[in-house]
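The numbering used here numbers the first residue of the sequence shown as 1 and each following residue consecutively.
Rather than coming from a laboratory, the hints here were simulated on the basis of the structure.
The reader is advised that the hints may include incorrect statements.
[What the hints assert, rightly or not] Ranges between beta-carbon positions, derived for each pair:
hint, residue 1, residue 2, range
1, A62, I20, 54 to 60 angstroms
2, S58, I24, 43 to 49 angstroms
3, K69, S31, 45 to 51 angstroms
4, I77, A30, 53 to 59 angstroms
5, L33, R81, 54 to 60 angstroms
6, R81, E37, 51 to 57 angstroms
7, N36, G9, 39 to 45 angstroms
8, Q40, M61, 21 to 27 angstroms
9, R32, M61, 33 to 39 angstroms
10, D68, Q40, 30 to 36 angstroms
Beta carbons are placed, not taken as given, at the ideal position from N, Cα and C, and that holds for glycine.
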Amino acid sequence: MSQRDGFTGGFLTGTIVGGIVGGIIGAVVASRLDNNEEEQESSLFQSDKREKLDSEESIEMARNRLEDKIAQLNHAIDDVRQQLTPIEKHPLESESIPD
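Please construct the entire structure, taking both the sequences and the accompanying hints into account.
This is the structure we're talking about:
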């Protein structure tokens, strides 16, 4: 019986101590997360104001990037067209129609 009583006492003590330690750790972590969320929210509000001020500039930059990409695509299409042109000039004999 003494072992069983020792086990029960140790189990209850461990449960209580573990609960206290877990509660303290949880409270510390939660307070740090709250502080980080507040900092992120304030930085989000500041970035929204900056984005509104810079929206014209960002639209212009995006338009310029798109124009550059379109120019690159057009150049690639022209290169492929030039590579395929010699093939189209010399059709296969089976495809040619006799006069």
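Here's how the hints hold up against the structure:
Taking 54 to 60 angstroms as the suggested C-beta distance range, the pair A62 and I20 conforms, at roughly 55 angstroms. For S58 paired with I24, a C-beta distance near 46 angstroms keeps the hint of 43 to 49 angstroms intact. A C-beta distance of roughly 47 angstroms is found between K69 and S31, which places it inside the suggested range of 45 to 51 angstroms. Checked against the hint of 53 to 59 angstroms, the C-beta distance between I77 and A30 comes to roughly 57 angstroms, which is consistent with it.
In this structure the hint that L33 and R81 lie 54 to 60 angstroms apart at CB holds, the actual value being about 58 angstroms. Roughly 55 angstroms separates the CB atoms of R81 and E37, a value that falls within the hinted 51 to 57 angstroms. A hinted range of 39 to 45 angstroms holds for the C-beta pair N36 and G9, which are about 41 angstroms apart. For the pair Q40 and M61, the beta carbons lie near 25 angstroms from each other, so the given range of 21 to 27 angstroms is met.
At roughly 37 angstroms, the beta carbons of R32 and M61 sit within the given window of 33 to 39 angstroms. In this structure the supplied range 30 to 36 angstroms holds for D68 paired with Q40, their Cβ-Cβ distance being about 34 angstroms.
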